[in-house]
Every structure is written in structure tokens, then in C-alpha cells.
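Participant: Residues per chain, in single letters:
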Amino acid sequence: MSPLLGLVAFDLVTIACGYALLVALGVARLRAGDARLLGLCYLAGWALLGTLLTVGLVLGVGPQVITVVVVAVLVVAACALVRRRWGAAAPDPSERGRHPLALAVAAAGGFALIVSSLAALVVSATSEWNPSSDWDAVWFWIPKAEAIYYSHGLDAGVWGTINHAEYPPLLPAMDAALFHFAGGVHPSLLPVQQTVLGVAFLAALLALIDRFVPRWLSLPSLAVLAAAPWYWQQMLSVMPDQAIAYLTAAAAVTGVIWVREGGLASLVLCFVFLAAATLTKLEGGFFAVLVLVVVLAAGLAVRRRAALPALALVLAPALVVLWRVWLSRHGLRSANPDYAVTDLLRPGFLADRTGRFTYAFHRMVATAYGFFDNSFGALRSPAGVLSSPFGWLDSLLGGRELLALLLPSLLFVAAVARRSSVLAAAAYAWVALAWLGLASIYWIGRPEVHWYVEVTIDRVEPTIMIVTVALSVLLLGLALGRGSEFTETGSERAR
Amino acid sequence: MALGMAETRLYAAVPSRVAGRLQRWLAAARARPSPVAFAFAMMLVTFALWASLSHLPSVAREAYDRLREPAVPVRDADLDPLAYFVSTQALALARRTIPPGATYSIVVGNRPSHAAGPGVTTAPSGVRIVFRLWLLPRRYTGRPRQADWVIFYRRPVGGLDVRMARRVKLGPGATLAQVVHR
Chain A
19 MSPLLGLVAF
29 DLVTIACGYA
39 LLVALGVARL
49 RAGDARLLGL
59 CYLAGWALLG
69 TLLTVGLVLG
79 VGPQVITVVV
89 VAVLVVAACA
99 LVRRRWGAAA
109 PDPSERGRHP
119 LALAVAAAGG
129 FALIVSSLAA
139 LVVSATSEWN
149 PSSDWDAVWF
159 WIPKAEAIYY
169 SHGLDAGVWG
179 TINHAEYPPL
189 LPAMDAALFH
199 FAGGVHPSLL
209 PVQQTVLGVA
219 FLAALLALID
229 RFVPRWLSLP
239 SLAVLAAAPW
249 YWQQMLSVMP
259 DQAIAYLTAA
269 AAVTGVIWVR
279 EGGLASLVLC
289 FVFLAAATLT
299 KLEGGFFAVL
309 VLVVVLAAGL
319 AVRRRAALPA
329 LALVLAPALV
339 VLWRVWLSRH
349 GLRSANPDYA
359 VTDLLRPGFL
369 ADRTGRFTYA
379 FHRMVATAYG
389 FFDNSFGALR
399 SPAGVLSSPF
409 GWLDSLLGGR
419 ELLALLLPSL
429 LFVAAVARRS
439 SVLAAAAYAW
449 VALAWLGLAS
459 IYWIGRPEVH
469 WYVEVTIDRV
479 EPTIMIVTVA
489 LSVLLLGLAL
499 GRGSEFTETG
509 SERAR
Chain B
14 MALGMAETRL
24 YAAVPSRVAG
34 RLQRWLAAAR
44 ARPSPVAFAF
54 AMMLVTFALW
64 ASLSHLPSVA
74 REAYDRLREP
84 AVPVRDADLD
94 PLAYFVSTQA
104 LALARRTIPP
114 GATYSIVVGN
124 RPSHAAGPGV
134 TTAPSGVRIV
144 FRLWLLPRRY
154 TGRPRQADWV
164 IFYRRPVGGL
174 DVRMARRVKL
184 GPGATLAQVV
194 HR
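Residue numbers (my numbering), protein chains in the order written: chain A, 19 to 513; chain B, 14 to 195.
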């Protein structure tokens with residue numbers, strides 16, 4: 019089999035797993051209309067398959083072709099059983115406005131989204147991978163995938179010689195599975211695979227928010243993300259950070275949807291995305307725990323006792339315990355050597371390094387501003403008369419980037435908070451905590467701060483940006499809708 | 014929907030009929046789509062459409078240009094990008110010569126190489142990282158004496174306290190030597 023055909027076969031297996039899950043949850047209905055869920059099938063399947071293969075690895079089962087196929091068959095069989103026995107009802111599609119202007123705007127946004135996504139796929143499939151921009155991938159991510167591929171599992175002797183052995187192995191496991199399907203170690207396939215995941219995320223986000231957000235709003239908002247140079251560049255990267263961003267954003271959106279309307283489907287999807295984000299990298303675990311805390315707090319505040327089943331979400335980040343046990347059984351370090359979280363409890367240590375915090379915070383503001391300015395940068399005219407909205411606001415405020423970010427954010431909160439106050443509070447609590455947490459990592463980090471921020475911020479901060487965009491579009495759509503902030507599921511109403 | 018503290022005080026301060034009307038008006042206002050949200054959404058959509066459609070020509074042109082270029086076989090596409098750091102001829106020959114499972118070590122000198130073009134020299138650590146990526150499942154060791162094979166990169170063979178049985182030229186400035194263990 020040619021390597022590209024192997025990639026296609028692997029992706030079809032991934033889609034099959036995701037589709038089975040969506041059918042079991044009642045999100046898909048076994049009809050032609052389910053084609054609109056293709057992106058969600060892929061993202062959910064990738065997360066589910068990745069989680070199961072990682073658990074399998076820890077238990078001593080390697081991700082060979084036969085293993086992946088058996089896991090997929092078991093997933094499909096289990097989901098079919100769940101569907102037959104419990105048969106969850108599919109959510110009703112919402113009615114859509116038919117105003118000609120709304121249709122035209124949605125069509126233009128959809129066109130931009132499709133062209134950008136197809137172009138990304140073409141570029142990733144026809145160009146060579148770029149080790150210079152993904153040096154950590156050359157250094158340890160791809161070698162880990164190779165180690166799993168050649169050892170048919172986790173060989174502690176080899177794993178321990180590769181840098182950052184403490185990072186959980188979901189991405190290397192998925193890359194190793196892809197290598198098995200492709201018939202050999204082919205790093206050049208990885209950017210294609212990552213781009214497929216990136217495009218699938220955009221389609222998944224659209225499918226998730228489609229019932230709450232009018233398409234004249236969702237399609238242009240996703241199109242600007244797909245066409246933004248910074249997102250484009252990240253989409254082609256073979257590092258795990260972008261996958262963390264997709265999984266965290268999907269978990270946050272499904273979590274917020276669960277808080278709003280209850281229901282098992284959103285909760286299960288949130289669980290799958292949280293588990294996969296946790297098993298991808300330590301930072302993924304951090305972002306996932308924040309999603310968990312915020313969703314549980316909002317859920318308990320709104321739904322009281324009906325929110326208790328959501329406590330099961332705690333098990334998703336807890337899956338990392340399996341990985342830690344494996345590391346300690348083989349005498350490998352489980353903490354990141356770049357920082358120790360317990361240092362946050364040492365006031366003297368923190369006081370001595372306040373300069374690191376302020377520097378990191380300033381750079382994070384500048385980077386966030388840069389992402390937004392870069393997204394809307396195409397608005398600049400050659401003569402510089404017109405600027406991006408952020409560039410214009412920044413110059414109006416005399417170069418105060420923080421204010422240029424805060425003012426539109428406050429205006430946005432004012433716009434959405436009247437209709438979705440609890441959800442807005444939950445969403446922006448996540449953003450604030452993630453922001454503070456990331457700055458704190460730089461604060462307590464051991465590497466020299468300028469270098470540390472320089473080499474990591476463009477990879478790590480996009481997660482906060484992408485989650486912010488996803489939640490903002492959802493909240494804005496809810497603010498435009500009719501009815502109350504929260505709805506009840508059928509089971510809750512029956513009580 | 015629960016009343017806020019300010020609203021409760023407000024209703025307490027006005028006659029009940031007026032308070033009732035005010036409450037109904039507020040509830041109705043909450044049920045309607047927010048005009049501020051609508052204005053914000055219109056602004057966002059305008060900027061988003063403008064920006065995404067403006068990016069499209071460059072995005073589409075890049076994809077079109079790539080499609081017109083001749084396709085690169087997957088095996089070449091795997092190896093070629095590493096040429097920026099290390100001689101790909103050395104990588105390919107080393108992989109062909111060292112058997113899978115054998116141990117190897119790399120000693121790197123400071124002599125300039127033209128792998129990345131004139132004037133560009135990859136740091137020794139970078140050279141080792143690229144060889145280690147390419148030579149798995151062969152096992153790397155930092156101690157040449159314990160290795161079955163030693164790669165001399167950008168430096169002459171020798172200078173180590175090891176006996177060598179066989180030498181394979183990997184290209185300019187790169188030699189592979191098989192170690193004889195006593």
C-alpha cells in the first residue's frame with residue numbers, strides 16, 4: 019500500500035470511530051444529512067482512538083494496524099449496542115432565517131472557509147515538512163513515534179533516552195499508528211495529518227455551534243480563523259500544541275453547551291475531548307483541568323443536583339494517572355524539568371522573580387494583540403490609510419496594546435452578558451485562568467525567561483486564542499437567539 | 014429568572030402596578046435578541062468577511078503554485094528537509110550500513126560543512142538530533158567506546174581510544190567506522 023493510501027485508510031478508521039460515537043449519542047442519525055458532521059466525526063474519532071490507543075500502550079499493547087482495526091471494531095460494536103439499548107434522541111435542527119442578506123453573507127463566509135481549508139490541505143500534501151519551525155518535533159516528538167513504531171509499544175529503555183519522556187504519548191501513539199498504516203516511518207505525512215485535523219476542527223466547531231449560532235455569523239468567523247496567517251502556519255505544524263488547542267476548544271464548547279441545555283451527548287463529547295487533551299501534553303492537562311473546573315462550577319450553579327453526573331468528567335484528566343504509574347514503574351521522571359508547580363507556594367521565590375511575570379505578561383499581551391492584528395491585517399491598505407481594527411484602535415490609544423484588547427473584550431462582554439450571564443462568566447473565567455496560569459508557568463520556570471517565552475509562546479498561546487474565538491462566537495450566537503438562557507432536557511423536565 | 018439585588022430594591026421603591034409592568038418589560042427585553050449583541054455581531058461579520066476574503070487570493074495562489082510543481086516521492090520528501098542541517102547522503106548511507114538494533118555514537122567537529130549552504134554550520138547538538146531521528150531503531154550512545162559504530166562528522170577519523178575494523182565514507186567530511194570491542 020502506498021503511504022498516502024495508508025494515511026487515507028487510517029483517517030477512514032478514525033472517522034468510523036467518531037461516527038459510531040455520534041450515532042450512539044444521537045447526534046448523528048444514520049442519514050445522508052450526517053455528512054455535515056464529517057469534521058466532528060473526525061475530531062471525536064481522533065480523540066477517542068487516541069485515548070484508547072494511549073491506554074493500550076500503557077497496558078502493553080502497541081498501535082499496529084491490527085490493534086487499531088480491532089479497537090475500531092470494538093468501538094463501533096459498543097456504540098451500536100448503546101444505540102440499540104438506550105437510543106438517545108437526536109437534537110432537533112434549529113430553524114434558519116432566510117433573509118437574502120443573511121444567506122449572501124453565509125455563502126461568502128462558507129466560500130472563504132472552504133477555499134482556505136482546501137488550500138491548506140493542498141499545500142500540506144504537496145510541500146515538504148519544515149523541521150526548522152518544528153525543531154522539538156525533530157528532537158523528541160517524531161523520535162517517540164518512531165520508538166513506538168519500531169518497538170511495537172512502549173520500550174522504557176528507548177523511551178527514557180528521548181528528551182521529555184514525561185510527556186504523555188497520545189500524539190506519538192497516533193503518529194506511530196499512522197506509520198504502521200503507511201508502511202514505514204514517513205515524517206512528511208505528519209503535516210498532512212495535522213492539517214486534516216485542523217480542517218476537521220473547523221468543521222467540527224461549525225457542527226457543534228450550528229444549533230445556536232446563525233450561519234451568517236459562524237461561517238465568516240470561522241473563515242477569518244482559517245485564512246489567518248498565524249492559524250494557517252500552526253495548522254501545518256507537526257507539534258502537538260495545535261491539537262491541544264482543537265481538543266480544548268471542542269471540550270470548552272461542548273461543556274458550555276451542556277451547561278446551557280444539559281443532555282448526555284455534550285457531556286460524553288466533553289469527556290472524550292478532555293481525556294485526549296490531557297494525554298497529549300502536560301499543557302493539555304492544565305487547560306483541560308481549567309475547562310473541567312469552570313464547566314463543573316457553572317453546571318452546579320445552574321443545574322444544581324441535575325449537574326451531579328458531570329462529576330464523571332473528573333475521570334477524564336485523571337486518566338493521566340495511568341501514564342504516571344507507567345513512568346514511575348519504569349523509574350522515569352514524571353515532572354517537567356522546566357518548572358515545579360509547588361514553587362507557586364513559595365512566596366519568597368515568587369517575589370524574587372516578579373520581573374519574569376511582568377515580562378511574560380507583557381509578551382503574552384503583545385502576542386495576543388499580534389494574533390488578532392494578523393487575522394485582520396489584510397484590511398490594511400497599501401498606503402496605510404486603512405488599518406486592521408486592532409491596529410487602528412492601538413494607534414488611537416497611543417500604542418497601548420492591552421487597552422486595544424480590553425476595550426473590544428469589554429464591549430463584547432456587555433453584548434453577551436445580558437442574555438448569557440452565567441455562560442459568559444464561565445467562558446471568561448476560563449480565559450482569565452488560562453492566561454494567569456500560562457504567565458505563572460513562565461514566572462516559576464527555570465529556563466532563562468526571554469529564551470523560554472521566545473521559543474514557546476507562539477505555540478502555547480494560540481490555545482487561549484482559539485478557545486476564546488470558539489466560545490465568543492457561541493456566546494454571541496446565544497445572545498442573538500430567542501428564549502431563556504437555559505433550557506431543560508427531556509429527562510430533567512420529566513422530574 | 015431570579016431578580017438581582019438592584020432590581021429588588023427598585024421594585025420595593027415603586028408602587029406594585031408599576032413594578033409589575035417594569036418586571037414584565039425587563040423579562041420581555043431579556044427574551045428579545047440583544048440589540049448590542051446584534052450590532053457587535055454585524056461589526057464582527059463585516060470585519061471577518063473583509064479580512065478572510067482579502068486573505069483568499071494569496072492563500073489560493075500558494076495552493077495553485079504548489080499543484081503546478083512536480084510531485085515529490087514520499088521517501089524524498091521525508092529526507093530532503095533534513096538537508097538544511099546534515100548531509101542527506103551521510104544520513105542515507107549511515108542508515109543503510111548500520112544494522113537495526115546496533116548501537117552507534119556520533120563525534121562532531123567544528124569543521125564547516127556545506128549541508129546547509131556556505132557559511133551555515135549546524136551546532137554539534139543539532140547534528141546529533143538529526144542523526145538520532147533518522148537512525149532509529151538503531152540505539153544511540155554518548156560513549157563511542159560502547160558503540161558498535163561511530164560516525165565522525167566534520168572531523169577526521171581517529172582521536173578516540175577505540176579500534177576500528179571497517180571504515181565507510183559517508184560523503185565529504187563524514188565517515189562511519191565499525192568498532193572492534195576487545
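Fair warning: there could be bad hints in the mix.
Said to hold, decoys possible - DEER-style ranges, computed between Cβ atoms:
#: 1; chain 1: B; residue 1: P112; chain 2: A; residue 2: E184; range: 44 to 54 Å
#: 2; chain 1: A; residue 1: L99; chain 2: B; residue 2: G33; range: 47 to 57 Å
#: 3; chain 1: B; residue 1: A115; chain 2: A; residue 2: G78; range: 24 to 34 Å
#: 4; chain 1: B; residue 1: G122; chain 2: A; residue 2: A96; range: 52 to 62 Å
#: 5; chain 1: A; residue 1: R54; chain 2: B; residue 2: Y77; range: 41 to 51 Å
#: 6; chain 1: B; residue 1: G114; chain 2: A; residue 2: S427; range: 31 to 41 Å
#: 7; chain 1: B; residue 1: R158; chain 2: A; residue 2: V26; range: 44 to 54 Å
#: 8; chain 1: A; residue 1: L454; chain 2: B; residue 2: F51; range: 24 to 34 Å
#: 9; chain 1: B; residue 1: P185; chain 2: A; residue 2: L22; range: 32 to 42 Å
#: 10; chain 1: B; residue 1: F51; chain 2: A; residue 2: L318; range: 25 to 35 Å
#: 11; chain 1: A; residue 1: V87; chain 2: B; residue 2: P112; range: 24 to 34 Å
#: 12; chain 1: A; residue 1: W104; chain 2: B; residue 2: A115; range: 47 to 57 Å
#: 13; chain 1: A; residue 1: S346; chain 2: B; residue 2: P86; range: 16 to 26 Å
Said to hold, decoys possible - Selected chain B positions facing chain A (Cβ under 7 Å, derived; list incomplete):
#: 14; residue: F53
#: 15; residue: A54
#: 16; residue: M55
#: 17; residue: A64
#: 18; residue: P70
#: 19; residue: R79
#: 20; residue: D93
#: 21; residue: P94
#: 22; residue: P137
#: 23; residue: S138
#: 24; residue: I142
#: 25; residue: M177
#: 26; residue: A178
#: 27; residue: V181
Honestly, the hints are just simulated from the structure, not real lab data.
Note that this is a predicted model, so its numbers are computed, not measured.
All residues carry an ideal CB built from backbone N, CA and C; glycine is no exception.
Participant: Indicate, hint by hint, whether the structure satisfies it.
Facilitator: Now the hints, each set against the structure:
Checked against the hint of 44 to 54 Å, the C-beta distance between B/P112 and A/E184 comes to roughly 31 Å, which is inconsistent with it. In this structure, A/L99 and B/G33 meet the distance hint of 47 to 57 Å, their C-beta atoms being roughly 54 Å apart. At roughly 26 Å, the beta carbons of B/A115 and A/G78 sit within the given window of 24 to 34 Å. With their beta carbons about 58 Å apart, B/G122 and A/A96 fall inside the hinted range of 52 to 62 Å.
Here the CB-CB span from A/R54 to B/Y77 is close to 28 Å, at odds with the stated 41 to 51 Å. As the Cβ distance of B/G114 to A/S427 is approximately 56 Å, the hint placing it in 31 to 41 Å is violated. Checking the proposed 44 to 54 Å range against B/R158 and A/V26 shows it holds: the Cβ atoms sit about 47 Å from each other. Taking 24 to 34 Å as the suggested C-beta distance range, the pair A/L454 and B/F51 conforms, at roughly 32 Å.
About 34 Å separates the C-beta atoms of B/P185 and A/L22, a value consistent with the hinted range of 32 to 42 Å. Checking the proposed 25 to 35 Å range against B/F51 and A/L318 shows it holds: the Cβ atoms sit about 32 Å from each other. A beta carbon spacing of about 31 Å between A/V87 and B/P112 agrees with the range 24 to 34 Å that was offered as a hint. Distance hint check: the CB atoms of A/W104 and B/A115 are about 55 Å apart, consistent with the given range 47 to 57 Å.
A hinted range of 16 to 26 Å for the beta carbons of A/S346 and B/P86 is inconsistent with their spacing of about 44 Å. A hinted interface residue such as B/F53 counts as satisfied when its beta carbon comes closer than 7 Å to some beta carbon of chain A; here the least separation is about 4 Å, so the hint holds. A cut of 7 Å between beta carbons decides the hint on B/A54: the least distance to chain A is about 5 Å, and the hint holds. With 7 Å as the threshold, the beta carbon of B/M55 stays out of range of chain A, its nearest partner Cβ sitting at about 9 Å, so the hint is violated.
Annotation: interface hint on B/A64 holds; nearest CB of chain A at approximately 5 Å, less than 7 Å. Taking 7 Å as the C-beta contact cut-off toward chain A, the hint placing B/P70 at the interface is violated, the least distance being around 10 Å. The interface hint given for B/R79 holds, since its Cβ lies 4 Å from the closest Cβ of chain A, which is under the 7 Å cut-off. At its closest, the beta carbon of B/D93 sits 6 Å from a beta carbon of chain A; the interface hint therefore holds under the 7 Å criterion.
At its closest, the beta carbon of B/P94 sits 5 Å from a beta carbon of chain A; the interface hint therefore holds under the 7 Å criterion. Because the smallest distance between the Cβ of B/P137 and any Cβ of chain A comes to about 14 Å, over 7 Å, the interface hint for this residue is violated. A hinted interface residue such as B/S138 counts as satisfied when its beta carbon comes closer than 7 Å to some beta carbon of chain A; here the least separation is about 9 Å, so the hint is violated. Evaluation of the B/I142 hint against chain A yields a held restraint, the C-beta minimum of about 5 Å falling below 7 Å.
At its closest, the beta carbon of B/M177 sits 24 Å from a beta carbon of chain A; the interface hint therefore is violated under the 7 Å criterion. For B/A178, the interface hint is violated, since its Cβ never comes within 7 Å of a Cβ in chain A; the closest pair sits about 26 Å apart. Of the supplied interface hints, the one on B/V181 is violated, with its beta-carbon coming no nearer than about 22 Å to a beta-carbon of chain A, more than 7 Å.
Hint check: violations occur at hints 1, 5, 6, 13, 16, 18, 22, 23, 25, 26, 27; the rest are consistent with the structure.
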